[in-house]
Each structure stands twice: as structure tokens, then as C-alpha cells.
Amino acid sequence: MALVDLLAIVVLLGAAVAFFFGSTALARSEDLSAAYWLVVGTLAMRSAVHLVRTAPER
Amino acid sequence: MTEDADALPRSPARFVFPELGAAAQAAVPGFYAWGVTIMPAAWSRGAPAIAKVSAIFGVIALVGFVLAEPRLGWRARIGGVWSLLLAGVATWAAAPAALSAFHLDAVHGIAGMFGWGVFAFASAGPAIRRSSPSAAPLPDPRALPGAASPAAARQARVRLRRGDHLYIAGALAAAIALQTVGWSITVPERALFVRLVTLMAGIALLGASAELATARYAKRRRPSARGRLRRAMPLLVGLLVAALIGVLLASTIVPWLLPF
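Residue numbers (my numbering), protein chains in the order written: chain A, 1 to 58; chain B, 1001 to 1260.
Next up, chain A with everything else stripped away, as it sits in the complex (with noise of 0.2 Å):
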């Protein structure tokens, strides 16, 4: 496994979590914190994504 394939699962498991952090600060009607998280799990996930694809995006 190449050191791109772990940073790729790294970023992964960090979009979880901001995901995580996102809703639970949704829940708690904390809303600029959740936008915060929920844009950096998504920022995140897309990067772990880009890491791996064999192909550019259609």
C-alpha cells in the first residue's frame, strides 16, 4: 500500500469524524459550528476520493 492509499484513508476517517462533530452540533442548534464541520467532512471526503481515482471525474 502506498503512503497516498493510507493518507487517502487517513483524510476518510477525519471526514467521519467531522461529519460526527457536524451533526451533533446540528442537533444542539449550534449551527455555525455544524456548517463548519459539515464543510470540512465533505472537504475532506472529496480529497480521500481524489487520492485514490484511477481516472479524472466526468
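No wet-lab data here; the hints were simulated from the structure.
Heads up, a few of these hints could be off.
[As the list claims (entries may be wrong)] Label pairs and their in silico Cβ distance ranges:
id: 1; chain 1: A; residue 1: Ala-35; chain 2: B; residue 2: Val-1187; range: 36 to 42 Å
id: 2; chain 1: B; residue 1: Ile-1060; chain 2: A; residue 2: Val-10; range: 22 to 28 Å
id: 3; chain 1: A; residue 1: Ala-2; chain 2: B; residue 2: Arg-1071; range: 35 to 41 Å
id: 4; chain 1: A; residue 1: Ala-2; chain 2: B; residue 2: Ala-1111; range: 37 to 43 Å
id: 5; chain 1: B; residue 1: Pro-1048; chain 2: A; residue 2: Leu-6; range: 50 to 56 Å
id: 6; chain 1: B; residue 1: Trp-1082; chain 2: A; residue 2: Leu-32; range: 26 to 32 Å
Idealized CB from N, CA, C, for every residue including glycine.
Assemble chain B onto chain A, guided by the hints.
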């Protein structure tokens, strides 16, 4: 491959639905999730007719996309997921009181969480068809020409690579963990919004982890590590900037970022 398909036992269902694939696999937990979370909301006391109509639309769409899968391919899977999700959202929006903590007991909540989690997982998984040449998902060396016997080759084709179960278990755990959030919210609109966000995040995470796992089976030559890193660089930089902004805000301006 055709030999393999022919070797499978013939069943009446196979004559009626010869090409049942991923959408059909996902439809089973989809029906369960519908029965546990959408149907009770649509037929709850005081629910308007539009809630019932959207709930029925969800089931019809799920069945329709299963039947249309031989023609539509992977689009049927996507269509099935989003139809059921949108039907659920429309039903819950029309009858929001059914989702509040006053109406939803813990057993129902856990059953619904389980149903949606399995539906998301089944929808995110790659399709394996019985009668198509693309049915070989794994390039195991024992499946290549020169394998000991057709039976050994068949057995080798369905063997997953080491570590696949970790991807699956990790993504499933994350999706389930997301479904544990927000079950005690008493405001119906907020409860609905949190359910929608956690469902979408869970499905997205399962899809992304499936993509990470299946990228290892790609037949095409993968770009070099440097090439992949370069392609993901704009997103990684964006992520880094967002992280720095978060640290800066949390430490200097407002300590609101951590929800605990």
C-alpha cells in the same frame, strides 16, 4: 464467465428477473427502512394525504428502479437511493411531529437507524452480476488462465482481498455512529433536518469508502502516487485552510467549534 453463469442453479426467480443486481440487493433493506421509518410517519395520527402519497411513491420508485436495472444499469441504484430518500424527506416534512422524541420510541429509533444503515451500505456496494462478463470483481491470480480447475477459478473470483472487511466495517461503524445523533430532539423540524443530514453523510461516507476499497481492483493502470497527490492538491489545500481557520477561531475568537 458464461460457463459460470450457466453453472448456477436455475430458479423460477432467475427466469423472471434474470439480471437482478445492486438495486435489488439494496431494495430489501430499503423496504425495511421504509416500513420502520416512513410508513409509520405517513399513517400517523393527523398526517396529511401528501405524506401517504409520498410514502407510496417511495415504494413504487424502489420497485420500479429494481425492475429497470437491466436497462438503466448503475443509474437505477442511484435513482432508487434518492427516490426513497426524497420520499422519506417529503413524508417527514409533511408529518414532522411523527419524528419528534414524543412519538418515536427507542426501539423504533434503533430499528430505523439499522434499516437505513444497511440500505446505505447495500446501495454503496459495487454490483456483482451473475451472468455478465464484468462479474469478475477481483483479479485473483488463481482466476487467471492456467488456474487448477474451473471450480477453483470460480471460488477464487469471489474471494475478497485482505483488508476489505476493514473498509466495510469502518464505514458501517461510521454510518451507524452518525445515526445515533439527534434522537432526543423535541423540535420536529430540527429532528427532521438532523436525520436528513446524518443519512446523507452516512451514505456519502459509505460510497467514499467503497470507492477507496474498489480502487485497488481497478484494471486500468493507476496514476503514480505523485500524480494522484497533485490531482487532489486543491482539495487538500482547502482542507488545510479550513483546519487552520478552525484552530484560529477556536483558540482566539470563540470557543464554539467543539460541540462537546
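At the C-beta level, are Ala-2(A) and Ala-1111(B) separated by a distance inside 37 to 43 Å?
-> holds, 41 Å
Starting from the hint 35 to 41 Å, judge whether the C-beta atoms of Ala-2(A) and Arg-1071(B) obey it.
-> With a Cβ separation near 39 Å, Ala-2(A) and Arg-1071(B) satisfy 35 to 41 Å, so the hint holds.
That 26 to 32 Å hint for Trp-1082(B) and Leu-32(A) (C-beta), does it hold up?
-> Between Trp-1082(B) and Leu-32(A), where Cβ atoms are some 28 Å apart, the hint holds.
Whether the CB-CB distance between Ile-1060(B) and Val-10(A) falls inside 22 to 28 Å = violated, 42 Å
Is the gap between the beta carbons of Ala-35(A) and Val-1187(B) within 36 to 42 Å?
-> With a Cβ separation near 18 Å, Ala-35(A) and Val-1187(B) fall outside 36 to 42 Å, so the hint is violated.
Distance restraint hint 50 to 56 Å, applied to the beta-carbon atoms of Pro-1048(B) and Leu-6(A) | About 51 Å separates the Cβ atoms of Pro-1048(B) and Leu-6(A), which means 50 to 56 Å holds.
The earlier numbered hints that this structure contradicts are 1 and 2.
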